[in-house]
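A.B. asks: So you can see what is in the structure, the chains are spelled out below.
There are 2 protein chains.
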Amino acid sequence: MKPLKLLVVGGVAGGASFAARARRLCEDAEITVIERGPDVSFANCGLPYHIGGEIATRDVLAVQTPASLNDLLKLDVRTHCEAIDIDRRGLRLQVRNTATGECEWLPYDKLMLSPGASPLRPPLPGIDDPRIFTLRNLQDMDRIIAAADAGMRAVIIGAGFIGLEMAEQLQRRGMKVQLVELMPQVIPPLDAPMTALLDSELRRNGVEVFLGDGIRAFRPGDSHVGCELNSGAVLDADLVILSIGVKPDSDLARKAGLELGARGHIVVDAFQRTSDANIYAAGDVVETQDRVVPGRTAVPMGGPANRQGRVAADHIFLGDKARPYPGSIGTGIVRAFDVVAGITGWSEKRLRALQYPFASVTVNDSHHASYYPGAKPMTLKIVWDARTGRLLGAQATGFEGIDKRLDVLSTAIAAHMTVEDLCHLELAYAPPFGSAKDIINLAGFAACNRRDGLVKHTETLPTDPAVQIVDVRGKPLADAYPAPATVLNIPFATLRANLGKLDKNRPVVTLCAFGKMSYFAARVLAQNGFDVSSFSGGLKANVDPRSPGKLPTA
Amino acid sequence: MKPLKLLVVGGVAGGASFAARARRLCEDAEITVIERGPDVSFANCGLPYHIGGEIATRDVLAVQTPASLNDLLKLDVRTHCEAIDIDRRGLRLQVRNTATGECEWLPYDKLMLSPGASPLRPPLPGIDDPRIFTLRNLQDMDRIIAAADAGMRAVIIGAGFIGLEMAEQLQRRGMKVQLVELMPQVIPPLDAPMTALLDSELRRNGVEVFLGDGIRAFRPGDSHVGCELNSGAVLDADLVILSIGVKPDSDLARKAGLELGARGHIVVDAFQRTSDANIYAAGDVVETQDRVVPGRTAVPMGGPANRQGRVAADHIFLGDKARPYPGSIGTGIVRAFDVVAGITGWSEKRLRALQYPFASVTVNDSHHASYYPGAKPMTLKIVWDARTGRLLGAQATGFEGIDKRLDVLSTAIAAHMTVEDLCHLELAYAPPFGSAKDIINLAGFAACNRRDGLVKHTETLPTDPAVQIVDVRGKPLADAYPAPATVLNIPFATLRANLGKLDKNRPVVTLCAFGKMSYFAARVLAQNGFDVSSFSGGLKANVDPRSPGKLPTA
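First to last, the protein sequences are chains A and B. Residue 554 is where the first sequence ends in full-length UniProt numbering, and the numbering goes up by one at each step. Residue 554 is where the second sequence ends in full-length UniProt numbering, and the numbering goes up by one at each step.
Hint data in this document are derived by calculation from the structure and do not stem from the laboratory. Remember, predicted model here, so these are calculated numbers, not experimental data. There may be inaccurate statements among the hints.
Each pair may be met inside one copy or between any two copies, as identical chains are not told apart.
[Claimed, not checked] Calculated lysine-lysine pairs in the BS3-like style (CA-CA distance at most 30 Å, straight line):
1. K74 <-> K2
2. K475 <-> K516
3. K5 <-> K504
4. K516 <-> K74
5. K475 <-> K176
Based on the sequences and whatever the hints tell you, model everything.
C.D. replies: What follows is the structure in structure tokens.
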């Protein structure tokens, strides 16, 4: 039998995983990897950290070379080689050597497209100024490092995951960083209250944050680039980072007539096959099944890319034993200075936009036993299907243990667990590692209390003066971080003796530092005939725990 | 309607959670908590850490007092009060004030038994010497602190979770620690290879470890206690800690004729009801459904206790809305100095003893992206049902991120996930937090490879000279940490060119540092017609990564 010819377009995450898995499954396949850039299989998620010097040596980011891939996997890797056309009927791919300009047609039996996604560069005035950078590969990284210097002013457009990583790393280089975001919050995939801690951490570290404002034009000058925002404000930059998102590199697929999704991603089935059965695709360029809410999704992350590449190789070589890709959940995490925040699954705002029937709750606790040294506060929000109780998403923010909670909850989402199931997760507990009732259990309890009608929650404090707002914190805390004047302080321990101070004919909202005592108070009041809601997540949920007391209002 | 009278025996984890939840569900219930000791709701898991000074102040361990519980929860807490008899027909409990000796009968509508478990104190010669301690409560802790002094010799009998915590903490106090364990390994619930790193960490820190040896007698002398072991060895101790396990405090239940399990635990149903519908039980004293393998189990940990107390209160007050306790998984974690190890679900040896059809695999990886500073090695073993692929247990050891992996895998077990599902967990990834393919994904991949017949694993190196053992590590590593003389070194990159050096008629075992290259090599050899197995987990799996190269042999 003739050896199978595999062509792979793109030699990073998805393509590299596909090629490696294919080789493990078939020693005699002819596997050729076409890579436009000079590098294959590099650690693109590490790029910002080398810019800031946190990853000291560049070498560690170049995970493999064409030579090492040939040694290890018998791959024919062609760098500086661009795929420019697919002859689907003829089963061949046209490639061009970007150094020599030479073109040739390479035959394939199966083709894998894993070209990735490009940073967006909108056609704004001045966009071509060489001081405006995007970050995709090692060469972009090198250019930014060459251009960046301590004391310079950097403007970062887009406060998503990469924007925040770059803000921290450029700050580490001694630059003055200004961060611009079109949405009224950093990390737009998260619900706004869950980003407040990140926001204050950025500002505390000297990053100037401009929210609800977008870039309108660049005004390149001799000494600097003026970044003109929609508001009219102009920020002066010696260096600009554009991190406003990515678009799939699907031009080749489009030209070949493969089916694309609404946002230009290649549509694939559960085995990563495109609309042409001989062509597979994986990574940032594809859209797959959404694993949480029925529909399609594109999650441009390394994890899904790697696993999709593997699924495609299995489908080619394992026959009936191949298992489908179950879809993507969308799990993301970011650290900015000391603060960490992340999300898995759907946010409240996405569900709200879809008019999906959901409920949510926010809880606070320490990341490990509060009596063990080093306990740090954390905030966890979960959203679930209001009809079935099924977990749809989770967001967490704090200082430590955020990744752990996201991972557990991502697993719970994948397993179609309900909020009831979260109550009974049996997580590892010793004082340095957790609590006997982990914050995830607490979130499950709070959700079930809500489901069972034991407590009503409010996410914002009412401004209607008819509502009685009761602060049930102890007096020292209430005095140190006073709530607004309209709030009555009745410490929880004295609440039962002071019910007479409240009017049963007017609604009550209880509040406290973390949302726990306010829940206790709501239970006492509800059982005494009051119409009461607990302020979900407490006063500290939405602000830096190092400067508590600020109140979000509706 | 007359208020419901609830009596609670035991005011720590299970009992305290029951009482607190009951109060939240019912303001007017009369709730009385009977506690033998002077403290309620104290942080018993923190005791060892205060002995070593890691938790500096004692106060933080006394989470609540009778007065605070009255303020917060309107509980009538009676400390120094022992429950001595249940009149089931008369619905009353006899209690004795341990200070005055006075007895009285208290009526109940519902009774909760949560007395906990006592440290085992076998009737050995000399056992009553006052220098022999167990650790259950704050008073035990105080006594140990009063008796312990730098320079003293401590003998710890039992190298389970508490034994290891005590070994570290007594070492912190400057004591000379000797640790004795009847089983041939520390932390007997784990499979032996997964404890090797803990073992070497204890020794590296100066703890003398005596395995496969038990205590036969104590020989109290004037200056010290001689601890006579089964082997005949005698260890001199100024202070002895007995940490060989616990037994349920079920005498009261036994006397009342409640159904007990084979090991003396109170048998409860899924709503924590004992064989008497008016009596509930929770915590270390009960046995519940095993959540992994059909049968009964007792997991003496804080997490299950707290949640069981809650389930019981829900059953009394929530009617149809009450949800059952789903059973216990058994999740445990321990830190000794810099090393962490833990387990969730069933171990290989327990499954083997049950003749349960299982399979297992061990993988190694970094706890986060290897190119990001501070990456630490970790080893993960999973066991699954060989027929269905369902995950039955996991063990992990390393330095950081152990709790995270155990928590994810405990969640996967609770969700009845299979090894296939582990491949597609979408865990939070940024370089400081994980890898694009997390070690959990890798374990799933390895398990599926085994399921699909792509690779055979061996856990031990064969001693049969007919087997060709091939070390596929690079030459520098193989030279630095040589494998035994019988091993042939063929670096993986040169394997395809050197197939002629191997005899196709003799079996081959491939080995490497971490079990990954040996798997790659096994794939190459299998496809070239060899009968080959990969040494699961690699050379470093079973030894301290700081002194690699030791080989376990069969």
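A.B. asks: Hints first: check each against the structure and report whether it holds.
C.D. replies: Taking the hints in turn, this is what the structure says about them:
1. When the C-alpha separation of K74 and K2 is checked against a cutoff of 30 Å, the pair qualifies only within one copy, where the shortest distance is 17 Å, while the shortest distance between copies is 81 Å.
2. Taking identical chains as interchangeable, the C-alpha atoms of K475 and K516 lie at most 30 Å apart only when both belong to the same chain, with a minimum of 16 Å there against 60 Å between chains.
3. In this homomeric assembly, K5 and K504 come within 30 Å of each other (Cα to Cα) only across copies, at 28 Å, whereas the closest approach inside a single copy is 78 Å.
4. In this assembly of identical chains, K516 and K74 lie within 30 Å of each other by CA distance solely across copies; the values are 17 Å between and 59 Å within a copy.
5. In this homomeric assembly, K475 and K176 never come within 30 Å of each other (Cα to Cα): the closest approach is 42 Å inside a single copy and 48 Å across copies.
Taken one by one, the earlier hints fail for this structure only at number 5.
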